[in-house]
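Engineer: Per our numbering, the sequence shown runs over residues 1 to 436.
Quick caveat, the hints were computed from the structure, so don't treat them as lab data.
None of these values were measured; they are calculated from a predicted model.
Treat each hint with caution, since some may be false.
Stated by the list, open to error - Below, simulated DSS-like cross-link-like pairs (lysine-lysine); rule was C-alpha separation at most 30 angstroms, straight line: (1) 157 with 201; (2) 257 with 281; (3) 281 with 260; (4) 155 with 241; (5) 258 with 241; (6) 113 with 290; (7) 155 with 193; (8) 281 with 157; (9) 157 with 290; (10) 254 with 346; (11) 257 with 155; (12) 174 with 17; (13) 28 with 319; (14) 155 with 180; (15) 386 with 281; (16) 241 with 180; (17) 254 with 180; (18) 17 with 386; (19) 180 with 113; (20) 193 with 157.
Said to hold, decoys possible - Derived Cβ-Cβ restraints for the label pairs, each shown as a range: (21) 406 with 298: 18 to 28 angstroms; (22) 14 with 124: 20 to 30 angstroms; (23) 308 with 130: 13 to 23 angstroms; (24) 146 with 305: 21 to 31 angstroms; (25) 38 with 308: 33 to 43 angstroms; (26) 405 with 12: 51 to 61 angstroms; (27) 296 with 407: 18 to 28 angstroms; (28) 33 with 80: 13 to 23 angstroms; (29) 315 with 195: 45 to 55 angstroms; (30) 243 with 132: 39 to 49 angstroms; (31) 184 with 220: 28 to 38 angstroms; (32) 317 with 199: 43 to 53 angstroms; (33) 258 with 125: 52 to 62 angstroms; (34) 336 with 432: 23 to 33 angstroms.
Where is the CB? At the ideal position from N, CA and C, for every residue including glycine.
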Amino acid sequence: MDAKKLISHQEDDNFLKRVATIVLAGGKGTRLFPLTMTRCKPAVSFGGRYRLIDIPLSNSLNSRINQIFVISQYFASELHQHILSTYQLDMFRTGGLELLTPQETTKGKEWFKGTADAVRQSLDYILRSNAEWFLILSGDQLYNMDLYEMLTFAKQKDADLVIASIPVLEPEAKRMGVIKINATSMITDFYEKPQESEILKEFELAEPFLKANGHSTEEPHYLASMGIYVFKRSAMIELLKLEGNDFGRDLIPKFIKKAKCSAFIYQGYWEDIGTVASFYKANLILTEGKGLNTYVEENQIYSTPQHIPNALISGTRVKGSLIGQGCLIEAEEITHSVVGVRAIVKKGTIIRDSIIMGNRTYHPFMDQDIPANQYFSIGENCIIQKTIIDEDTLIGNNVQLINKEGLETYDSDGIYIRDGIIIVTSGTEIPDNFIL
1 MDAKKLISHQ EDDNFLKRVA TIVLAGGKGT RLFPLTMTRC KPAVSFGGRY RLIDIPLSNS
61 LNSRINQIFV ISQYFASELH QHILSTYQLD MFRTGGLELL TPQETTKGKE WFKGTADAVR
121 QSLDYILRSN AEWFLILSGD QLYNMDLYEM LTFAKQKDAD LVIASIPVLE PEAKRMGVIK
181 INATSMITDF YEKPQESEIL KEFELAEPFL KANGHSTEEP HYLASMGIYV FKRSAMIELL
241 KLEGNDFGRD LIPKFIKKAK CSAFIYQGYW EDIGTVASFY KANLILTEGK GLNTYVEENQ
301 IYSTPQHIPN ALISGTRVKG SLIGQGCLIE AEEITHSVVG VRAIVKKGTI IRDSIIMGNR
361 TYHPFMDQDI PANQYFSIGE NCIIQKTIID EDTLIGNNVQ LINKEGLETY DSDGIYIRDG
421 IIIVTSGTEI PDNFIL
């Protein structure tokens, strides 16, 4: 390595030592119910291998940012257990990972009221860091992003705040914060979740911008906030003094009027896991080699090491599917589906367009002597279609989960339908011959 490259590398390292990541992982995930019935959204399984929290943490670590705060709130136990068993950062390096939750004080325990309030209430702990730049990420989004590139952009612009943004069509723009920028990428206006066509018209991207960034000009596009921010330390402190509890809804519209704010344009894959439908779609497009790229060595997604053997598949037609480690598969067919670790699927069963999250263990630790036919499994001669089966379930023989009546919603004990998708919740037992 020549002297110039060595100096540049050292400058990069010194810069990154002054950066900390804050991951917001405290939302209830109401729209993802019932998958969030007993866990927070960032703890939900994804892709048969990961938890949603793994994506922001991996992106941070891949960008060489290893000073990380995770702020959680609802059903945090499973999330914390996963993080602590997966991310054991080297104690001899600069950095570390700290888990923050609402604290009991002399005034009592006060729950976080929004994204900004979560950071505000945790500020005493966060500011013990020597970081001069803070990167704020969401715990329930999917993307492969070079966060160092965004940080460099913020440094070059000398911006108080940089918002990662992505061009979207009108349906997405109505559920996101939209941004107006000038020729130098400075933010001149921001509006959270605009519904009126007159307001949207003001934020419509110009045709030259769309052409320069490879987007169609046939439909209006809008620049939308991804909920990923870079703050200068001093700017974040000032912003949190403003009234309001949410970054997008309350604080950022006020802040851009008094601070130097820029938009970083991101062109890659990004998905906000807000609903059962978006979660289902984001999982199944993995079977087509699309969506979140987990096959890039330099941008790998980390998760808990699984000390279990490879999957054993016996006489099964498998097409366009992901099969996790430790699976025991005797099914007749698995098509366009994601099957998570330790899943057991018995003879004659057909699984199509479904997500089988797998199991934490093959059978309950509390009863080691139960017969094999009571292991967490999917029984014989079942038909599973457009279904999400959560972890640690026991499904009997001849069960049909096919939504035969085409319902959009349905609620029962351990079995639900949301967005036309059947969901079997964790720990549910379904008897033989059940049909839905």
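Engineer: So, for every hint listed, does it hold in this structure?
Structural biologist: Each hint, compared with the structure:
Among the hinted pairs, residue 157 with residue 201 is consistent with the structure: their alpha-carbon atoms are about 28 angstroms apart, no more than 30 angstroms. Taking the CA atoms of residue 257 and residue 281, the gap is about 38 angstroms. The hint is violated against a cut of 30 angstroms. Under the criterion of a C-alpha separation no larger than 30 angstroms, the hint pairing residue 281 with residue 260 is inconsistent with the structure, at around 37 angstroms. At most 30 angstroms may separate the alpha-carbon atoms for a hinted pair to count; residue 155 and residue 241 meet this at roughly 23 angstroms.
Under the criterion of a C-alpha separation no larger than 30 angstroms, the hint pairing residue 258 with residue 241 is consistent with the structure, at around 13 angstroms. Distance hint between residue 113 and residue 290 is unfulfilled; the C-alpha atoms sit about 36 angstroms from each other, more than 30 angstroms. Distance check on the hinted pair: residue 155 and residue 193 sit about 29 angstroms apart at the alpha-carbon level, within 30 angstroms; holds. For the given pair, residue 281 sits about 37 angstroms from residue 157 by alpha-carbon distance, which is inconsistent with the 30 angstroms threshold.
Between residue 157 and residue 290, the direct Cα distance comes to roughly 33 angstroms. Violation of the 30 angstroms bound is thereby established for this hinted pair. With a C-alpha separation of about 58 angstroms, the suggested pair residue 254 and residue 346 falls outside the 30 angstroms cut-off, and the hint is violated. For a cut-off of 30 angstroms, the pair hint linking residue 257 to residue 155 stands: about 20 angstroms separates their Cα positions. Distance restraint check for residue 174 and residue 17: the Cα-Cα separation of roughly 37 angstroms exceeds the 30 angstroms cut-off, and the hinted pair is therefore not satisfied.
Annotation: proposed proximity of residue 28 to residue 319 is violated, straight-line Cα distance about 35 angstroms (limit 30 angstroms). Only pairs whose Cα atoms come within 30 angstroms are accepted, and residue 155 paired with residue 180 is accepted, the gap being roughly 21 angstroms. Our distance criterion of 30 angstroms between C-alpha atoms is met by residue 386 and residue 281, whose separation comes to about 11 angstroms. Between residue 241 and residue 180 the CA atoms are separated by roughly 24 angstroms; this keeps the pair inside 30 angstroms, and the hint holds.
Between residue 254 and residue 180 the alpha-carbon distance is near 14 angstroms, which keeps this suggested pair within the 30 angstroms criterion. Distance check on the hinted pair: residue 17 and residue 386 sit about 46 angstroms apart at the alpha-carbon level, beyond 30 angstroms; violated. Using a Cα cut-off of 30 angstroms, the hinted pair residue 180 and residue 113 holds, with the two alpha carbons roughly 27 angstroms apart. The hinted pair formed by residue 193 and residue 157 meets the criterion: a straight-line CA distance of about 27 angstroms does not exceed 30 angstroms.
Judged by the Cβ atoms, the range 18 to 28 angstroms given for residue 406 and residue 298 is violated: they are separated by roughly 45 angstroms. The hinted window of 20 to 30 angstroms between residue 14 and residue 124 holds, with their beta carbons roughly 26 angstroms apart. With their beta carbons about 40 angstroms apart, residue 308 and residue 130 fall outside the hinted range of 13 to 23 angstroms. At about 25 angstroms, the beta-carbon gap between residue 146 and residue 305 stays in the expected band of 21 to 31 angstroms.
Between residue 38 and residue 308 the beta carbon distance is about 24 angstroms. The supplied range of 33 to 43 angstroms is therefore violated. In this structure the hint that residue 405 and residue 12 lie 51 to 61 angstroms apart at CB holds, the actual value being about 58 angstroms. Distance hint check: the CB atoms of residue 296 and residue 407 are about 39 angstroms apart, inconsistent with the given range 18 to 28 angstroms. Under the hint 13 to 23 angstroms, the C-beta atoms of residue 33 and residue 80, about 21 angstroms apart, fit the expected range.
With their beta carbons about 53 angstroms apart, residue 315 and residue 195 fall inside the hinted range of 45 to 55 angstroms. Hint check: residue 243 to residue 132, Cβ distance near 26 angstroms, so the stated range 39 to 49 angstroms is violated. The supplied range of 28 to 38 angstroms is broken by residue 184 and residue 220, whose beta-carbon atoms lie about 23 angstroms from each other. Between residue 317 and residue 199, the C-beta spacing of about 52 angstroms keeps the proposed range 43 to 53 angstroms intact.
Distance hint check for residue 258 and residue 125: the Cβ-Cβ separation is about 27 angstroms, which falls outside the suggested range of 52 to 62 angstroms. Between residue 336 and residue 432 the beta carbon distance is about 26 angstroms. The supplied range of 23 to 33 angstroms therefore holds.
Consistency with the previously given hints fails for numbers 2, 3, 6, 8, 9, 10, 12, 13, 18, 21, 23, 25, 27, 30, 31, 33, ordered from lowest to highest.
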